[in-house]
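**Student:** Residues per chain are reported as follows:
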Amino acid sequence: MKMRINRRRVAMSFALVVIIAVFFVTRLIDIQVVGAAAFNKASQGKMSIPETLYGTRGDIVDINGTVLATERMTYDVTVSPRNAKEFSRTTEKGEVIVTPQMAAKEIAAITGQSADGIISIINDALADDPNSEFAYVTKGADVDAFTQIKALEIPWIYFEQNPDRAYPNGAVAGNILGYVGSDGTPLAGLEMGYEECVGGVNGSQSYARGADGVRIPGSTVVTDGAKNGSTLKLTIDSDLQWFAQQTLATTASRENAKWGMTVVMEVETGRLLAVADYPTFDPNNIDAYAPEDRGSRAFTSPFEPGSTMKSLTAASILEAGLVDPTTPIYSPQFIEFDNGARFRDHGPHPANLTLQGVLRWSSNSGIAQLGVLLDPESRHDSLVRFGVGEKTAVDFPGESAGLLRSSEQWDNQSFYTMFFGQGLTLTSIQMASAYAAIGNDGVRQPVSLIDSCIDQDGKTARPSLPEPVTVISAQTARTTVDMLENVVTHGWLTDYLTIPGYRIAAKTSTAEQSDGAGGYSDKFIVSLAALFPADDPKFVVLTSLASPDSNSSASVVPDVNNVIKQIIKTREIQPSSGQPIDYADYY
Amino acid sequence: MSMARPMMGARSIAVLPTPEPTRQLHVVSSAVGRRRRPKVFFATVTVISIFVIIVAQILLSISLQSGAYEIAGLQRDVRELGRMYQSATQDLNRMTSPQNVAQSAEVLGMVGNSNPVYLRLSDSLVTGAATATGAGGTLVSQGNLVPNAMLAQALAERQVAATAAAEAAAQQARTGVAGSQTGNVGPGSAPAPLSPVVAVPSPQGLPSPATR
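One line per chain: the protein sequences are L and A, in this order. Using my numbering, read the first sequence as starting at 97 and increasing by one per residue. Using my numbering, read the second sequence as starting at 476 and increasing by one per residue.
Note that these hints are calculated values from the structure, not bench results. Being a predicted model, the structure only gives us computed values, none of them experimental. Hints are not guaranteed to be accurate.
[Claimed, not checked] Computed footprint of chain A on chain L, listed as stretches where at least three residues anywhere in the stretch have a Cβ under 8 Å from a Cβ of chain A:
no.: 1; segment: 156–170
no.: 2; segment: 234–241
no.: 3; segment: 257–264
no.: 4; segment: 341–348
no.: 5; segment: 587–597
Every residue, glycine too, gets a C-beta built ideally from N, C-alpha and C.
All chains, full assembly: derive it from the sequences and hints.
**Tutor:** Right under this line is the structure:
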């Protein structure tokens with residue numbers, strides 16, 4: 097009997113265990129296999145919340161670390177129109193009922209909209225769809241506005257945050273900085289050209305959330321790490337840049353000029369300290385500017401430079417040993433060459449000029465007659481050494497190389513006019529670089545606009561630059577600078593450009609510009625290129641202005657003068673010493 | 476099984492000559508009691524352990540929960556502080572922008588000398604030609620020609636704030652007048668006295684170094 101009882105018990109227990117096991121296995125299969133997909137889907141939606149990790153864009157700073165472009169968070173204020181009803185708010189005076197009109201008025205006071213405007217946004221959305229859950233009140237509100245609106249605690253107002261680009265100094269260097277689109281895509285300027293340095297890469301992560309909406313600790317899974325952009329440091333000095341832009345804009349608006357630019361370059365390093373463009377462009381407010389004014393003409397718009405080119409021609413023929421500063425040349429007002437090329441000088445002057453006199457009076461006939469002493473091949477080579485016809489080392493987005501045809505392609509007219517800067521084109525940066533070579537003992541340093549790219553860990557990467565090019569000998573360079581200084585001291589420039597105590601070498605230009613139809617228009621591009629201090633040049637200042645009312649290079653002289661004074665003051669340049677060799681203008 | 480053992484015991488005792496029913500029951504009960512005691516002990520230990528584990532788990536869960544809330548709270552603080560930092564940086568950058576500095580200097584009546592002029596202290600020699608800047612001769616006299624949308628926005632905000640402050644001040648002045656009439660001076664209506672300005676004595680003009 098005892099055995100029977102035991103066996104029954106064992107059997108019952110076993111059966112029970114089997115039943116329970118079968119139940120569990122069935123349920124397990126049901127969950128893990130049959131309903132697995134549905135459960136997974138449901139859990140994904142409810143528990144795993146994806147998040148974008150924003151890789152912030154790097155700053156763009158000037159040589160002193162002043163922030164020119166930075167990343168900031170802006171906020172889109174949105175409304176749930178169907179929930180836009182009155183609500184109660186607890187204040188010091190107790191419960192207050194706030195109507196949508198009152199709330200709209202409060203928001204409007206912060207965003208600068210009208211209360212009616214906000215109400216109509218809500219009503220329009222409801223008219224389209226009575227169950228509307230979403231409409232924008234305003235986009236791109238800054239952090240202050242966001243904080244204030246959030247403090248109103250309006251239950252039907254929501255926020256979306258968007259990283260946005262901000263330019264705290266506005267239009268200072270705006271033309272070269274460029275801008276980014278609303279989706280963060282760089283669209284122009286250095287923002288685009290140096291995306292590799294400043295661009296951030298967004299990542300993603302997900303986390304789980306409990307039923308109460310609180311993130312479950314330790315549940316965050318980074319699926320794709322974000323990478324922040326590096327800081328792009330420019331060679332630009334933002335204070336000088338502002339000064340150059342302000343003074344250029346003053347001159348240009350007085351002269352009703354179409355456009356203009358001022359370039360300041362350090363002679364010994366080829367570094368650009370200021371690249372001012374007119375009209376100026378504020379990248380905070382892209383739509384307010386015409387597309388053609390949003391870039392930097394100094395880099396992208398080459399033009400026939402005119403007489404500033406004569407300095408390069410003079411340096412080339414001096415270097416070849418064909419002339420010296422006092423070589424006489426009969427320079428008539430009008431000249432016609434054997435090949436049919438003919439042109440006249442800009443203003444009346446004596447005809448018995450030396451090379452120095454040719455520069456001082458800016459005689460086209462004189463420089464053309466002296467220039468042809470050099471064979472075409474050497475002329476072309478010399479221009480190439482000066483950097484004409486090739487892009488600068490900056491490689492600015494959309495930068496132009498200008499136009500320099502090979503010597504076989506020169507037509508009869510431009511064969512001569514190239515000596516005085518017509519029939520070939522240069523950008524302002526190229527011309528400034530050529531003058532810097534003359535100022536730097538004949539050695540042309542590669543132009544640089546980027547100092548370095550500094551990553552998050554402080555690692556500094558400098559752009560690789562080509563080797564300096566020896567354009568002319570130091571002796572030729574010195575003679576050319578002396579001649580250009582005599583241009584100032586002998587001529588009308590002396591009254592406008594001279595700064596007591598300082599020596600300045602300069603050359604003006606009043607260049608004819610293309611009318612776009614194969615001829616020349618009746619408006620000029622006027623320029624002044626200056627090297628200072630002339631005893632040991634440290635800086636090039638070059639200003640050009642298109643179609644000024646006065647049609648005279650005198651219009652840009654005060655501009656260059658102001659910039660030079662500013663450099664002297666801010667960089668504490670010591671007064672100059674010595675005198676240039678005083679070459680005679682006439683024979 | 477536990478029921479079977481006392482029965483077996485009863486049978487072996489029955490072989491003895493003088494069986495006593497009451498005593499027999501007593502022994503059995505004491506034997507059962509002695510054998511059962513450890514089982515109750517283990518059961519109690521198990522139950523208590525389970526209970527302790529449950530309590531510990533609940534406590535751990537509570538502390539984790541409150542930790543999660545704390546983390547969420549701190550993260551919110553970080554965000555808030557981040558916003559404040561951004562707001563302050565934004566203001567600082569706007570205020571230090573050259574447009575603002577130049578205009579503020581102009582408003583304060585500062586004029587940049589157009590020519591660089593130096594004064595050598597040792598022999599009072601002036602190098603360079605000091606020329607007075609005429610009316611409208613300053614760089615920003617024609618207004619700021621290098622626009623800054625961010626600064627314009629900040630200036631507008633500052634203007635609103637200034638108007639609000641002026642209104643508040645006017646309001647306070649009215650309250651202050653009313654207060655003084657009743658003999659009570661409201662808080663903030665009496666500015667702290669300024670410390671007297673001490674002039675630097677300079678009997679012989681500009682100080683100049685004696686060494687040459």
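**Student:** Flag every earlier hint the structure violates by its number, smallest first.
**Tutor:** none
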